[in-house]
Amino acid sequence: MPEWNPEILRRLAPLKLSPAREGEIAEEIAQHLEDRYHELLVTGQSEDAAFRTAIDELKGEDLLARSLRSIESDLYREPVALGKGGSNLFAGILQDVHYAFRMMRKSPGFTAVAVLTLALGIGANTAIFTIVDAVLLRPLPFKDPSTLVMLNESLKSLGYPEVPASPPDIAVIERTQRSFTSLGAFQNKDFDFSGSGEPERVTAASVSASIFPMLGVQPLLGRTYTEQEDKPGTRVAVLSYGLWQHRYAGRANIVGQIIDLDRIPYTVIGVMPKNFQFPLPGPKHNNEPAELWVPRAFTPVELQGWGDGYNDGVLARLKPGVTFNQAQADAALVTAEIKRVYPPAMVKIFNGATPAIGLAPLHQAVAGPVEALLLVLMAAVGLVLLIACANVATLLLSRAASRSKEIAIRTALGASRMVLIRQMLTESFVLALAGGALGILIAFWGTSGLLSLVPSSLALPHSASLGGWVLAFVATVSCLTAVVFGIAPAFQVSSVHLQGSLQESGRSGTPSRARHRLQGIFVAAEFALAMILLIGAGLLIRSFSKLLETNPGFRPDHVLTMSVALPFDAYTKAPEVRQFYEQAIERIASLPGVKSVAASNDLPLDSADNEVLQVEGRPDSAPIMTVTWALGDYFSTMGIPLIKGRFFTPEDRIGSQPVAVINEETAKLLWPGENALGKRLGHPFPNMMRTIVGIVGDVNDGPLGSKPGPHFYLPYLQLPDDYIEYGNLIIPLNLALRTSTDPGSLTSAVVAQIHSLDPQLAVAKIRTMEQGMASSIAAPKFNTFVLGLFAFLALFLATIGIYGVLAYGVAQQTHEIGIRMALGAQRRDVMQLILVQGARLALVGVAIGLLAAFGLTRLMSSLLYGISASDPLTFAAVAIVLVAVALLACYIPAHRAMRVDPMVALRYE
Amino acid sequence: MESTSLQTEWKRGSAELLILSLVEARPRHGYEISKLIEQRSGGAVRFHVASLYPMLYRLERRGWLCGRWVEKSGQRRRRYYRLTHQGRRVLASHLRGWHEFVVGINRITEAENA
Chain A
35 MPEWNPEILR RLAPLKLSPA REGEIAEEIA QHLEDRYHEL LVTGQSEDAA
85 FRTAIDELKG EDLLARSLRS IESDLYREPV ALGKGGSNLF AGILQDVHYA
135 FRMMRKSPGF TAVAVLTLAL GIGANTAIFT IVDAVLLRPL PFKDPSTLVM
185 LNESLKSLGY PEVPASPPDI AVIERTQRSF TSLGAFQNKD FDFSGSGEPE
235 RVTAASVSAS IFPMLGVQPL LGRTYTEQED KPGTRVAVLS YGLWQHRYAG
285 RANIVGQIID LDRIPYTVIG VMPKNFQFPL PGPKHNNEPA ELWVPRAFTP
335 VELQGWGDGY NDGVLARLKP GVTFNQAQAD AALVTAEIKR VYPPAMVKIF
385 NGATPAIGLA PLHQAVAGPV EALLLVLMAA VGLVLLIACA NVATLLLSRA
435 ASRSKEIAIR TALGASRMVL IRQMLTESFV LALAGGALGI LIAFWGTSGL
485 LSLVPSSLAL PHSASLGGWV LAFVATVSCL TAVVFGIAPA FQVSSVHLQG
535 SLQESGRSGT PSRARHRLQG IFVAAEFALA MILLIGAGLL IRSFSKLLET
585 NPGFRPDHVL TMSVALPFDA YTKAPEVRQF YEQAIERIAS LPGVKSVAAS
635 NDLPLDSADN EVLQVEGRPD SAPIMTVTWA LGDYFSTMGI PLIKGRFFTP
685 EDRIGSQPVA VINEETAKLL WPGENALGKR LGHPFPNMMR TIVGIVGDVN
735 DGPLGSKPGP HFYLPYLQLP DDYIEYGNLI IPLNLALRTS TDPGSLTSAV
785 VAQIHSLDPQ LAVAKIRTME QGMASSIAAP KFNTFVLGLF AFLALFLATI
835 GIYGVLAYGV AQQTHEIGIR MALGAQRRDV MQLILVQGAR LALVGVAIGL
885 LAAFGLTRLM SSLLYGISAS DPLTFAAVAI VLVAVALLAC YIPAHRAMRV
935 DPMVALRYE
Chain B
0 MESTSLQTEW KRGSAELLIL SLVEARPRHG YEISKLIEQR SGGAVRFHVA
50 SLYPMLYRLE RRGWLCGRWV EKSGQRRRRY YRLTHQGRRV LASHLRGWHE
100 FVVGINRITE AENA
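Protein chains in written order, with my numbering: chain A, 35 to 943; chain B, 0 to 113.
It is worth saying that the hints were derived from the structure and are not from the lab.
Take these hints with a grain of salt, some might be off.
As the list claims (entries may be wrong) - Mimicking SDA-like on lysine to any residue, the simulated pairs with C-alpha atoms at most 25 angstroms apart in a straight line are:
{"hint": "1", "chain 1": "B", "residue 1": "K34", "chain 2": "A", "residue 2": "E81"}
{"hint": "2", "chain 1": "A", "residue 1": "K50", "chain 2": "B", "residue 2": "G41"}
{"hint": "3", "chain 1": "A", "residue 1": "K93", "chain 2": "B", "residue 2": "G41"}
{"hint": "4", "chain 1": "B", "residue 1": "K34", "chain 2": "A", "residue 2": "T725"}
{"hint": "5", "chain 1": "A", "residue 1": "K93", "chain 2": "B", "residue 2": "M54"}
{"hint": "6", "chain 1": "A", "residue 1": "K93", "chain 2": "B", "residue 2": "L17"}
{"hint": "7", "chain 1": "B", "residue 1": "K34", "chain 2": "A", "residue 2": "E41"}
{"hint": "8", "chain 1": "A", "residue 1": "K93", "chain 2": "B", "residue 2": "R39"}
{"hint": "9", "chain 1": "B", "residue 1": "K34", "chain 2": "A", "residue 2": "K140"}
{"hint": "10", "chain 1": "A", "residue 1": "K50", "chain 2": "B", "residue 2": "R61"}
{"hint": "11", "chain 1": "B", "residue 1": "K34", "chain 2": "A", "residue 2": "E68"}
{"hint": "12", "chain 1": "A", "residue 1": "K140", "chain 2": "B", "residue 2": "A110"}
{"hint": "13", "chain 1": "A", "residue 1": "K93", "chain 2": "B", "residue 2": "H47"}
{"hint": "14", "chain 1": "B", "residue 1": "K71", "chain 2": "A", "residue 2": "A64"}
{"hint": "15", "chain 1": "A", "residue 1": "K50", "chain 2": "B", "residue 2": "R60"}
{"hint": "16", "chain 1": "B", "residue 1": "K34", "chain 2": "A", "residue 2": "A468"}
{"hint": "17", "chain 1": "B", "residue 1": "K34", "chain 2": "A", "residue 2": "E58"}
{"hint": "18", "chain 1": "A", "residue 1": "K93", "chain 2": "B", "residue 2": "K71"}
{"hint": "19", "chain 1": "A", "residue 1": "K50", "chain 2": "B", "residue 2": "S50"}
{"hint": "20", "chain 1": "B", "residue 1": "K34", "chain 2": "A", "residue 2": "F85"}
What the hints assert, rightly or not - Partial chain A-side listing against chain B, Cβ under 7 angstroms, derived:
{"hint": "21", "residue": "Q65"}
{"hint": "22", "residue": "E95"}
{"hint": "23", "residue": "D96"}
{"hint": "24", "residue": "L98"}
{"hint": "25", "residue": "L102"}
{"hint": "26", "residue": "I105"}
{"hint": "27", "residue": "K353"}
{"hint": "28", "residue": "V356"}
{"hint": "29", "residue": "N359"}
{"hint": "30", "residue": "Q362"}
As the list claims (entries may be wrong) - Reference excerpt, derived from the structure (chain B facing chain A, CB under 8 angstroms, subset only):
{"hint": "31", "residue": "G29"}
{"hint": "32", "residue": "Y30"}
{"hint": "33", "residue": "A43"}
{"hint": "34", "residue": "H47"}
{"hint": "35", "residue": "V48"}
{"hint": "36", "residue": "Y52"}
{"hint": "37", "residue": "R57"}
{"hint": "38", "residue": "R60"}
{"hint": "39", "residue": "G73"}
{"hint": "40", "residue": "R75"}
Source: prediction; values computed, not measured.
Each residue gets a CB set at the ideal place from its N, CA and C atoms; glycine is no exception.
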């Protein structure tokens, strides 16, 4: 028998058909030639002649291919199964994509819901990732940022795990270290900036000359200062781009101009570029980006101030080849050297301790404080995305029911399971990529919306761009998403039983049990995931409300505060300073609506002045306490209650008996079970003991929710002259007034009173104490809001999920329900049947979610206040809420099922 | 020469009509279709393999024919083509057009020869 196939296949080869199609054509034509051949043999032709005549039907070498080309070009290129290889793999995928788009167009409702769900999930992830990228992943905008480190000191035995460095210690570090190519100190400070326009308080930084070259950022105009200029008495300043624009409208001749800082003339020598930011926000101290920079210029007094002035940030660059660990080992040697040279008197006051040097990569120092928050948010949006995936997967499974016949037909026509799975996954990919594209839009708005809400106390940027990494992230997440939500439905759908599906006639048959089961698993999983998120958000909400309930120890209502710094060159002597503040208090108190006025170095919620004190008769004890110098009616203005003894009076001034007021915590700490009144406590340098005349309630020194520590109040008027004039720096005082009317309405009157004393003074940080309270809780409020938002999104998606599955189930079971009702089932029974189905899913999910949340919420314990990460009340409340919402979502389909008319339901059959 | 080219034109225009009408009564396979065309035209019209099958595939693609592999015991499987619903309508309209054409031609030629 002749072989036809080689002849035919040779002629088909140029068409590059799929192997399946090529085989089919060859088989059909071979059959034809075979028939012709047999017919010719019957007519008496020889085998040879018959073969040639039959082959002649193919008419030359290329006619067949030419005739077929236009017909076969795009029709029967069957997809090639993955891994099988084939020249038309690409064409196959294109065809799959084409088909996927057709399916999407065919059911626009399904497509819209699926794409929107995915877009929400992917968009939320992208928005958070954009922030993570900007804060954690992107290198800092400095030269070689990975070799920059921050140094700090610690006095662990005295309760200070991390403090900024002190000038004498910095000198020891500079002398002893062998790990750094350069090292520099910096410190935030405020200046009254005047000369052109209104006097204004600006945030500045005194910065070592070495810092600019270390950061590797060139000035936009002029130059930065040299080591020689970094000496006391050199008055040069470098402006930020922002200040240059805002005060001088970007005038090009700014270099060489004289500006007044605290009424001392400085020469502007340079302007830094627009995006230069230093110090960076993030670290605990010295974290305010400066508007201008002046030399750090350590004074001889500062350099001898052992045990004092722990205020400087220290930045250093590692030598090439020196690792972070080597530098850490080197820091231990520096610590030993500090111990060796520390003045014995100080060592004694520190209870035998000396400061230890620690270091952290700059990036970690900057990003560390928000890392936990960002990771929790990243986890939260991850869960939202998983819920979105589960939702789309259940949708795909529901739709699979209506597609089972299509799948069966394709299987009957020879599509392999692999081909079907690939087709299904392609559809998933197209959906996910559409979701991803929409998600980018959502992320674009979401990111800027979120970042505009970021409070200043949180070291997050106020804008972040969608960079290349973010786009790569979206692409990756979209693809992963497609696999996650597409794989189960693809496998489930492709395992359709041919006969069953084909036999299911036009009416909707009972849905495949396996499919329904899989949907149930997805819905339960959604509830478990939503449970975790809701518990996380619930914990934050509970902890936030606890925060709001805390008693700050003072009455923040009807209080206006502001800061006034007297420039040293205008107020060189202590009596002038005292006189200014006394007069200011007097004038402000005379304003109508003002009940009491006070001045102090620190205010509640923002007290940072910690000093080492000494208790009379206990030379070994050196408590570190928050110190407040108060002038005027401080306690009644702040609303701090008197527990025992008395407040300060105007008679408590230089010359009278030195007195102090302490808080309850101090009394408990130093004189437990004793009467603290009459006891003596004071500064070791100069050695001045003060008699305690009053005990007041505890006040939050730090942000709301922080534990009140020991607090030492002393009358400002009893400060010795050299203390006020110390270090050529007058500590700025805050003025505070309690009013009987809206405190904000008195602002301009108060400022006018201050300017009547000194028209050149800048009055800064004007705000009501309630605004201060609000900004103190802004960070936890932001955390709560954002996590709450994602939890709500999760709840929303999970609710839609359970509703969709049950509604679909009811639609599918109309016939069954009809039969039940025809057989006597009550409407209530039917409703109960559906509700129980839904409740079972929700309960399984909630139970799993409870267990998972129990393990996961401890990751966020650093964000909580006043409750444990496994707070039973939150867990129980969230579980109840979730089940209630689930039942509500089930109620609608259940109600619909109840209303099924058995006659109608059966007639459908 | 002239007659050959006329024959080609005729074949091209009528081939679809021929095939559709041959599968109208019942499904047939390709060889059967080609044999029937040859027989019924008394050998005047013949389709060779290289043009018959492309034509069948084209008609199938247009949705006028539907091909299906059928196995009969003791034989190799063959592909049978049946007329689809759409194909039936197309055939009806083609036949109508053809009749009008033939009637028109006849009128002209009879008038000339009369």
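The hints, checked one at a time:
no.: 1; hint: B:K34 with A:E81; result: holds (20 angstroms)
no.: 2; hint: A:K50 with B:G41; result: violated (38 angstroms)
no.: 3; hint: A:K93 with B:G41; result: holds (22 angstroms)
no.: 4; hint: B:K34 with A:T725; result: violated (127 angstroms)
no.: 5; hint: A:K93 with B:M54; result: holds (15 angstroms)
no.: 6; hint: A:K93 with B:L17; result: holds (21 angstroms)
no.: 7; hint: B:K34 with A:E41; result: holds (22 angstroms)
no.: 8; hint: A:K93 with B:R39; result: holds (23 angstroms)
no.: 9; hint: B:K34 with A:K140; result: violated (44 angstroms)
no.: 10; hint: A:K50 with B:R61; result: holds (22 angstroms)
no.: 11; hint: B:K34 with A:E68; result: holds (13 angstroms)
no.: 12; hint: A:K140 with B:A110; result: violated (57 angstroms)
no.: 13; hint: A:K93 with B:H47; result: holds (8 angstroms)
no.: 14; hint: B:K71 with A:A64; result: holds (17 angstroms)
no.: 15; hint: A:K50 with B:R60; result: holds (19 angstroms)
no.: 16; hint: B:K34 with A:A468; result: violated (54 angstroms)
no.: 17; hint: B:K34 with A:E58; result: holds (21 angstroms)
no.: 18; hint: A:K93 with B:K71; result: violated (30 angstroms)
no.: 19; hint: A:K50 with B:S50; result: holds (19 angstroms)
no.: 20; hint: B:K34 with A:F85; result: holds (18 angstroms)
no.: 21; hint: Q65; result: holds (6 angstroms)
no.: 22; hint: E95; result: violated (10 angstroms)
no.: 23; hint: D96; result: violated (9 angstroms)
no.: 24; hint: L98; result: holds (4 angstroms)
no.: 25; hint: L102; result: holds (5 angstroms)
no.: 26; hint: I105; result: holds (5 angstroms)
no.: 27; hint: K353; result: violated (75 angstroms)
no.: 28; hint: V356; result: violated (74 angstroms)
no.: 29; hint: N359; result: violated (72 angstroms)
no.: 30; hint: Q362; result: violated (75 angstroms)
no.: 31; hint: G29; result: holds (5 angstroms)
no.: 32; hint: Y30; result: holds (4 angstroms)
no.: 33; hint: A43; result: violated (18 angstroms)
no.: 34; hint: H47; result: holds (5 angstroms)
no.: 35; hint: V48; result: holds (4 angstroms)
no.: 36; hint: Y52; result: holds (6 angstroms)
no.: 37; hint: R57; result: holds (5 angstroms)
no.: 38; hint: R60; result: holds (6 angstroms)
no.: 39; hint: G73; result: violated (15 angstroms)
no.: 40; hint: R75; result: holds (6 angstroms)
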